[in-house]
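Chemist: Sequence lines, in order, name chains A and B. Here our numbering runs 43 ahead of the position in the first sequence, where the first position is 1. Here our numbering runs 6 ahead of the position in the second sequence, where the first position is 1.
Hints may be right or wrong, so weigh each one.
DEER-style ranges, computed between Cβ atoms [claimed, not checked]:
hint : chain 1 : residue 1 : chain 2 : residue 2 : range
1    : B       : PHE45     : A       : ASP50     : 18 to 24 Å
2    : A       : ASN73     : B       : LEU32     : 23 to 29 Å
3    : A       : HIS100    : B       : GLN35     : 28 to 34 Å
4    : B       : PHE34     : A       : ASN65     : 29 to 35 Å
5    : B       : PHE45     : A       : SER101    : 25 to 31 Å
In silico DSBU-like cross-links for lysine-lysine, where the CA-CA straight-line distance does not exceed 35 Å [what the hints assert, rightly or not]:
hint : chain 1 : residue 1 : chain 2 : residue 2
6    : B       : LYS26     : B       : LYS47
7    : A       : LYS113    : B       : LYS70
8    : A       : LYS136    : B       : LYS61
9    : B       : LYS72     : A       : LYS69
10   : A       : LYS69     : A       : LYS136
11   : B       : LYS26     : A       : LYS136
None of these hints come from the bench; they were simulated from the model. This structure is a prediction, so every number in the text was calculated from the model and none was measured. Cβ coordinates follow ideal geometry from the N, Cα and C atoms, glycine included.
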Amino acid sequence: SQQGEEDPQALSIQEGENATMNCSYKTSINNLQWYRQNSGRGLVHLILIRSNEREKHSGRLRVTLDTSKKSSSLLITASRAADTASYFCATVKTGANNLFFGTGTRLTVIP
Amino acid sequence: GAVVSQHPSWVICKSGTSVKIECRSLDFQATTMFWYRQFPKQSLMLMATSNEGSKATYEQGVEKDKFLINHASLTLSTLTVTSAHPEDSSFYICSASIRLAGTDTQYFGPGTRLTVL
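Please work from the sequences and hints to get the whole structure.
Modeler: See below:
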């Protein structure tokens, strides 16, 4: 399977705390993307990091990429109850244009 | 911009019937559309890649005769689940791809929940 894996599978934190999710993948990639999905809804694109980038920021989001370890992390700082959702990493293989999703992390932020 | 719609948003059907799901890119033309399915509390699994005017490319294990994909225009792709059975009940999500700054970016539809009785 080309599907990546994420950990933890579930994460519960207090509002204001930081949340860190990790993603590991198996093949060489062109880029890695993070998505958010509220329960039973579509996906919202959060951030894209290319294979030649090591870190990227967007608002309260910080993404790192380590291609030597085939892993990425998503950090959400100063979490809010509205951040409660499932978060998925997805990779685009070198030479391809389709996404392969990780197993996802269900984040619960307690007010 | 870059809005993708799906219709219907949910559907309930009897076993043995066929169901068609539409995916439209509303404000852009997408040469490539993708279809995914998602079981409860699980990840998205790519079913097929659909290019306008050509046959879809199916992922391993996905029956092309059961999941018929038609990509008739640059803004519309359809997925037809033929002779649906209860095990086909799932959340089906499409995405449409557009190239921005040299990178293909997928925009996802809101999903269609299919329940087969």
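Chemist: Evaluate each hint against the coordinates.
Modeler: Taking the hints in turn, this is what the structure says about them:
1. PHE45(B) x ASP50(A): 18 to 24 Å: holds (20 Å)
2. ASN73(A) x LEU32(B): 23 to 29 Å: holds (27 Å)
3. HIS100(A) x GLN35(B): 28 to 34 Å: Given a distance of about 31 Å, which is inside 28 to 34 Å, the answer is holds.
4. PHE34(B) x ASN65(A): 29 to 35 Å: holds (33 Å)
5. PHE45(B) x SER101(A): 25 to 31 Å: holds (30 Å)
6. LYS26(B) x LYS47(B): holds (24 Å)
7. LYS113(A) x LYS70(B): holds (32 Å)
8. LYS136(A) x LYS61(B): holds (22 Å)
9. LYS72(B) x LYS69(A): holds (30 Å)
10. LYS69(A) x LYS136(A): holds (10 Å)
11. LYS26(B) x LYS136(A): holds (30 Å)
Every hint from the earlier list agrees with this structure, and none is contradicted.
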